[in-house]
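Participant: Construct the entire structure; sequences and hints are all you get.
These protein sequence lines map, in sequence, to chains B and V. Residue numbers for the first sequence follow the working numbering, beginning at 5 and rising by one. Residue numbers for the second sequence follow the working numbering, beginning at 5 and rising by one.
Think of the hints as simulated: they come from the structure by calculation, not from any bench. Only true hints are included.
A pair holds if it fits inside one copy or across any two, identical chains being indistinguishable in the list.
With a straight-line Cα cutoff of 20 Å, these simulated SDA-like cross-link-like pairs (lysine to any residue) come out:
{"id": "1", "residue 1": "Lys67", "residue 2": "His148"}
{"id": "2", "residue 1": "Lys141", "residue 2": "Val107"}
{"id": "3", "residue 1": "Lys141", "residue 2": "Lys182"}
{"id": "4", "residue 1": "Lys134", "residue 2": "Asn144"}
{"id": "5", "residue 1": "Lys162", "residue 2": "Phe172"}
{"id": "6", "residue 1": "Lys125", "residue 2": "Lys141"}
{"id": "7", "residue 1": "Lys134", "residue 2": "Asp38"}
{"id": "8", "residue 1": "Lys162", "residue 2": "Ser195"}
{"id": "9", "residue 1": "Lys162", "residue 2": "Gly92"}
{"id": "10", "residue 1": "Lys73", "residue 2": "Ser177"}
{"id": "11", "residue 1": "Lys141", "residue 2": "Val127"}
{"id": "12", "residue 1": "Lys81", "residue 2": "Gln171"}
{"id": "13", "residue 1": "Lys182", "residue 2": "Arg28"}
{"id": "14", "residue 1": "Lys218", "residue 2": "Gln241"}
{"id": "15", "residue 1": "Lys182", "residue 2": "Glu106"}
{"id": "16", "residue 1": "Lys81", "residue 2": "Val152"}
{"id": "17", "residue 1": "Lys88", "residue 2": "Arg166"}
There are 2 protein chains.
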Amino acid sequence: MEPVASCTTRNKNNNHRCAQCSVRLIAFCGILDDSDIIQLEAISKNKSFPKGTNIFFQGDQVKTFFNIKQGSIKIYKLSHDGRKQIVGFLYPGDFLGMSDQEVYTYTAEALEDTQLCQFNKIVLENFFLKFPKIENKILNLVNHELAVAQDQIFLLGKYSARERLLQFFLNISNQREKLGWGGNPIRLSMSRTDIANYLGLTIETVSRTLSELKNEQIIRMIGTHDIFLNNKKQIPQYLN
Amino acid sequence: MEPVASCTTRNKNNNHRCAQCSVRLIAFCGILDDSDIIQLEAISKNKSFPKGTNIFFQGDQVKTFFNIKQGSIKIYKLSHDGRKQIVGFLYPGDFLGMSDQEVYTYTAEALEDTQLCQFNKIVLENFFLKFPKIENKILNLVNHELAVAQDQIFLLGKYSARERLLQFFLNISNQREKLGWGGNPIRLSMSRTDIANYLGLTIETVSRTLSELKNEQIIRMIGTHDIFLNNKKQIPQYLN
DNA sequence: AGCAAGAATTGATCTAAATCAAAATTTTAA
DNA sequence: TTAAAATTTTGATTTAGATCAATTCTTGCT
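Facilitator: Below is the structure:
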C-alpha cells in the first residue's frame, strides 16, 4: 500500500466517527440520523485536553462550542476578590460553551484527560437554520442544566453536610447509569478540594463526613477516589 | 353607537395588545416585527393571577407556557420531607413554564397581582417551526436563567449573610433598570420569609443584617418593603 | 377606629461547620 | 526505591448564623 491510500483510509474512518460515537445517543447530535450526521461531522473537530488544562476562561470571547465525548470537566466562576466557586461538573454527552453573553461566564477545566468535539460558534449556529431539530435539542439540554443548577441551589440552601455528600454521590451514580455505565464503584475524577468547593463546604468537613459514612457502612471506598454506595436504594432516606 | 360596534372596537384593541405591550422589548416576542406578532397574538391569552395564587405546581403536566407582563412570581421546589427552597424570582419579560421534563420541576406563585400572557405548549412549539427566531430567543432567555442560577450558586456557596443581601438588592435594582424602571427606591414584593428562604438564611438573620445595613447608612427603608441603596456604585466594594 | 393575626425585630443561647493545627497517607519525581 | 511534595485525615477551638424566646410593629377586618 502506498501512503496516499493509507491516508485515505484514515480519513474515511474519521468521516464515520460520529456514526460510531459512544455519546451520540445522549448528546445533541443524536437527534440527527446517519445521513444528516455526516454534515455535522464535516463541521466538527476532535480536540484533546490533558488533565488540568483549561478549555476556556471566564471572560473570553465565545468562539467555540463543545460536546464532551470522554472524560470530565469542572466549570467555575471567580469573583472580583478571587473567591472561586465550582458551579458544575460536566460529563460525556454534555454540551459546553453556550452563554447568554458574548463572553463565557465561567472557566472550564479538564479534570482528567478529556476528548471534546469542537464546533465554531457561527458555523454551528448557521447549521441550526438547516436543522432546527438541533437547536431544539440544545434548548432541551440547557433546560436540563438549569434544572440541575436549581437542584444545586436547593442542596446549598437546605441540605446538611452529610446530605450534600450523599446527594452528590447519587447524582454521579445516576449520571453514570444514563451513560450505560451504571453500578458500583463510582470513580470520583475530582479532588476533595473540588468536592468541598462544589458542595459549599471545607475539605475538612468533607473528609470527616466521609469517615462517618464509612463507619456507618453507608459507603465503602477503594483508595481515595473510588466509592461504593452500599445500598443505593436506601440512600434517599438518609436525605430526610 | 350600538353595542356590536363597541364590541368590535374592544376586539380590535385586544388584537393590538402585543404591539402596545410594555414588555415586548425584553420578552421573547420582541424578536417578531409588527406584522408577524399579530399571529403570535392570535395564539396567546391574557391571564390574571391574584397575589398568593399558584400558577402551576411542581409535578403538574406541562401544558402551558407563560410570559410575565406585570407583577412578580416566586418559583420554589419542595423536597420529599417538606423542605422548601425558593430557586428564583421572576419579573416582567421573563418566560415561565419550560421544563426539561414532562412535568414542571417547581411550583410558581404570584407575589402580587400578576398579569401573564399564556400559550398552549403544543401550539407554541408548532409556532417555533414557522418562526425559528422565537425558539432561538427563548434559548437565549433560558441561557440567561442558567447564568442567574449559577450566580445564585456562587452566592450560596461563598457569600456571607451581609453579602447575600447586598447582592440581592443589586440584582433587583439591575433588573428594574433593564425594565426602564431604574433608580431608587426598590420595592420588595416578597416577604422577609421569602427573602430569607431564597438567600439560604433565616428571617432573624435577614432582619438583623438589615438593621446593621441601616445603621451603617448603606441602605435606607421606607416602611418594610421599599428600600433605598444610598450609594449603589459603592456597594460592590462591600461584597469583597 | 379598634383589635386580632400575622410579620418583623431584638435578645439569649446553641450548634454545625469553619478555622487553625498537626499527623498520616498518597502521589510524584528523581 | 526513596524522598519530597501534595493530598487527605484527624483533632482542638472558634464562630457565623441557627434556634429558641419575647416584644414590637403592621395590616387587614369587623
